[in-house]
Structures are given as structure tokens and as C-alpha cells.
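Undergrad: Each chain, written out:
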Amino acid sequence: MIEVSNFSKTYAGFKAVQGISFQVNKGEIVGFLGPNGAGKSTTMKVLAGYLPPTDGRIKVAGYDVVGESLEVRRNVGYMPENVPLYTDMRVDEFLRFRARLKGVPAKKVRDRVEHVARLCNLLDVQRKVIGTLSKGFRQRVGLADAMVHDPQLLILDEPTIGLDPHQIRSVRDLIRSLGAHHTILLSTHILSEVEATCNRVLIINRGRIEASDTPANLTRLVRGGGALVVEVRAQRMAVAEKLAAVADVEEVEILQESGEWTFAKVFAKTGVDIRDGVYEAIRSEGWPLRELSRTRATLEDVFVELTQD
Amino acid sequence: MSPSTFWTLYKRELRGIFVSPVAYVVLGGCSLIIGAGFSVFLHAMIENNVKGSPLLSWLLGSFVFWFTVMIETPLISMRALSEEYKMGTIEMLLTAPVREWEVVLSKFAALATFYVVLWLPAALDVSYLYVFSDQKWDMTWGMALLPFAMVFLIGFLYIAIGLFASSLTKNQVIAAILGFAFIFIAFCVGLLGVFDLGERGRDIIAYVSGTQHMDTFCRGIFDTRPVVFYLSTTFFFLFLTQRVLESRRLRS
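Chain order of the listed sequences is A and B. Here my numbering runs 2 ahead of the position in the first sequence, where the first position is 1. Here my numbering runs 37 ahead of the position in the second sequence, where the first position is 1.
For the record, the hints were derived by calculation from the structure and aren't laboratory data.
Computed, partial: chain A to chain B, Cβ under 10 Å: (1) Lys47; (2) Gly51; (3) Val78; (4) Glu83; (5) Val85; (6) Leu87; (7) Asp90; (8) His151.
Don't be surprised by glycine CBs; every beta carbon is placed ideally from N, CA and C.
So here's chain A without its partners, still in its complex pose (with noise of 0.2 Å):
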């Protein structure tokens, strides 16, 4: 649905995006993740159509970005940052508007307009002016205005950013539900949304993809992915020796030390599973175990180490 190669964007001497290269297969919902600045943005206006890309060649739907710009609009939901809205004009009427400029026929574009309004939830505030709304009803104005036209690829720059929580489930679950009939690329800073909708992640920094894989592999990559808790009653200096003697363990860190008790964390190696060599150790020397639990890196770990400087 999304080829890109070698696609490269400079603002004014300034490279935002520096040849990165990724495709986004139909009816993947992926999520694009990345520090303030890192291109999110500048490579989702060059998807939808509205910059042209300094170098490289991207295809939307099987459509140039240059050369078939006006194709690859009609067939691309673009939901832009901050949600753009003519402020002076009612929803329905926008939605209307929205619907015949992207090409709805007219007979149809009362029955999408109310098909969006109602997935969006914006049948209450159909009839009015789109400058009194919420941030959070905007948002989903924007959404609605994104889906009007029933396109093969939804572009969402931050869909759920300054929403409450409550509208944040409903807009994951409407995005989830959209999975199945669209292809969805997404950014956000909510990297939980991300671990609950997206089929995949790809993560850019400074211009560059530093990742692309789904939530699962990309947790398991990070240091410790699979690391262990545990709470003995035993020496510090014996818990250390004594766990890190297991095999499969890289590194034994002592969280804590309180009375007779000691708290520890265990880094395995990536992508092994250590929890009974683990628990062999601590039976054979017959320490009273009190916890081991595994701990999961979230993505939110993987964004800060691929991310981090």
C-alpha cells in the first residue's frame, strides 16, 4: 500500500528525513513512532500528497506521489496535525463539503457523511458550528473528515493527542475497528495506543528508521526483556554470586536490601527464558523465596533506548 525508498526531505538546508526506506502492506495497521522532530510529521505530509519528497520514490496505492499526486489523494485519509477545520461551518456541512470535494457522488453523500458521523460519534453535534467544539470533538471531526471517502489508506498524524482518556479508548477502539477494512498508518507519543492497535512499529530518530517489527519483537529485543524479579531471604553479596552462576544469566542487579531480605533484578540474555534455572538456584540453596516475577519491557522502553542519544 506504502513503498517508500530512499526517501529524503531537507527544508531549507535542513534534512527532516534522510533516505529512509519502509513499506506499509494492506490492511496493516502501523505505527509510526518518534521523538518531536524526528520526520513523523514532514514523511506523512509527503505520503498524503501535500509536499513533494527532495529524493526518492514513494508509491501510495500504487500511485506516485509526484506524478499522480491527485490519485493518491483521492485514495489517502489524511488527518493532519492540530486537525485543521474550517471553524466558521456547522459538522455536517463540513462533512458534506468534504465528501463532494473528494469526489463522494452526490447521492451518496448523505448516507456517508451519516455512516462516519455515527462511528465517530458526532450525531449529537451534527448541527453545530465546528469553532465551539471541544479539542476532543474537533478530533474526531478531523477523523470523520479523514474516513468520508472511504479510502484504501487512513494517514492519522496524532490522532488522539489532547483527548481524555475515555476518548482515547473510543478513538483506539474505532482505529481497531477500521483495521479491518483499511490500512491504517498512525503517529503518536502514546506508546501504549501503539502495543494495543498497531500490527506493527516503526520507529524513526533524527530522520533515520530505527526500527521496524511488531510490538512482541521489538520488546523482546531490549535488555531486560524477559528479566526476572525475585525476593529471598538471603545475603546480597550470596544472592549475586549465587544467580548469576545460572546459566543464560547476563547480569544480576540488586535492587534493594531491607532486614534479611533482598530484592533483585535478573537480566537474561535476549531471548531466553531463564525462570527455572532461576528457581533451581534458590531451591538448592533453600532461601525462602517470597517473589519471582518477570518483568516485561514495554515499547516505551525500546523507544528510549533506540531513541535515546
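Dock chain B against chain A, hints included.
TA: Coordinates of chain B only, in the frame set by chain A:
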């Protein structure tokens, strides 16, 4: 061009103009000024016992008229593109399958429509007088309609210039001032005829002078040269606007 795209954009633009307070301030202000000018000239005519025919040419040749046109056109066109830049809606607009010149043309058409509406009160003044005065008017249809045709031609050019100014900045006030400056320069070139510029210079000035064109049309004489001049310069400024819009997007 897809006619439905143009029509959709045009309707939205027209609606945008009519829901903005600027439209009504300009409409009210200009009707007031032109109406006042009209009644002053009417009084002057009656006092001096002049017949009805020079009324329009007095009015449309007056400082009041030119001042009004030069003020109202940048005022109505200032927000056309600046506002889109400022609100960021230009991004939303141009990520729909729409070409730049469809945007420019639809905005121009909507502004031109509003400009015509601005002159309805003046047209009403004239027709009112025609219907209710018992004087004999030695006024031909040409003398009544051609001046208005010229008002529109000049106004359309000024609107195109104002739209161009609006495409240069995201600040409405700057757009209005720039627009006024460009329009004022264009107008002043036409006044250079008062200087002795020789035969050739006079011909060139006559070709571009708004005041002289107005004078000709007020006498009920139809001349194709000014028509060609205004239409072509209008399209030239619309073309420039489209180029600015495109280059803004490509550069950013």
C-alpha cells in the same frame, strides 16, 4: 477541471464570505459612502438644474467612488488565502484531490460574486431614481449599463490583485495593506496622463488608465480595448496567485 470540484469550493467560499462580519461591515460602509455620494451629486444636479444624464459619470468619476473601490477590494480579499495559511486549513484543502488553480479560481469567483452584491445598492439607487423621477432622462441603456460593467471589470482586477496579496502572507492586515498598495500603484499609473509624456506616453497611459476607461464607458461608448486589458491583467494576477500557492507548498 472538474466542474463539481469548482462548484463545491465556490459554494463554500461564498458561504465563508457571508458568515464573516467583515462582509457586512464592508457592505454597510460602502453602501453608505456610495449612497451619500449619490445624494450629494443628485442635490448638486438639482441645484444647478442639470438633466439626469451626467449623474453616473459624476459619481463614478469622483474621488469617493475610487476611494471606495480601492478600499473595499483589498478588505474583502485579504482573508481569502491568509486565513487558510494561518489556520492551517490550506493543508486540509490541498490534501483533498484539488488542484491549486481550482482553489484560486473558486476563491476569485466567490469574491467577484460578493463584489457584485456590494454594488447592488448603488444600482438600486440609480434604478429608483429612474422609476420615480418625473424628469425626462436623456440616458441610453448603454449609458446606464456600461458604467456598471466598468465598475465590475475594474473591481475584478483589484480583487485579483488583493487575492494575490493575500497569497503572500498569513497575516490578514499585511495582506490588506499590501493589496491596497498594489492597487493604489495600479491606479496612480493611470493618473500619469496629467503630465506631458508625449504622444506615445499618452497612448500607453490611455490604455491602462481606469479613470479614462470609466469616462469613456460613462458616455455610453463601448470599447473592447479596456475589456481585454482588464480581463487579461485579472487572469495574470490569478496566475501569479496560483504560482505563489504552489511554490509555498513546494518550498515548505
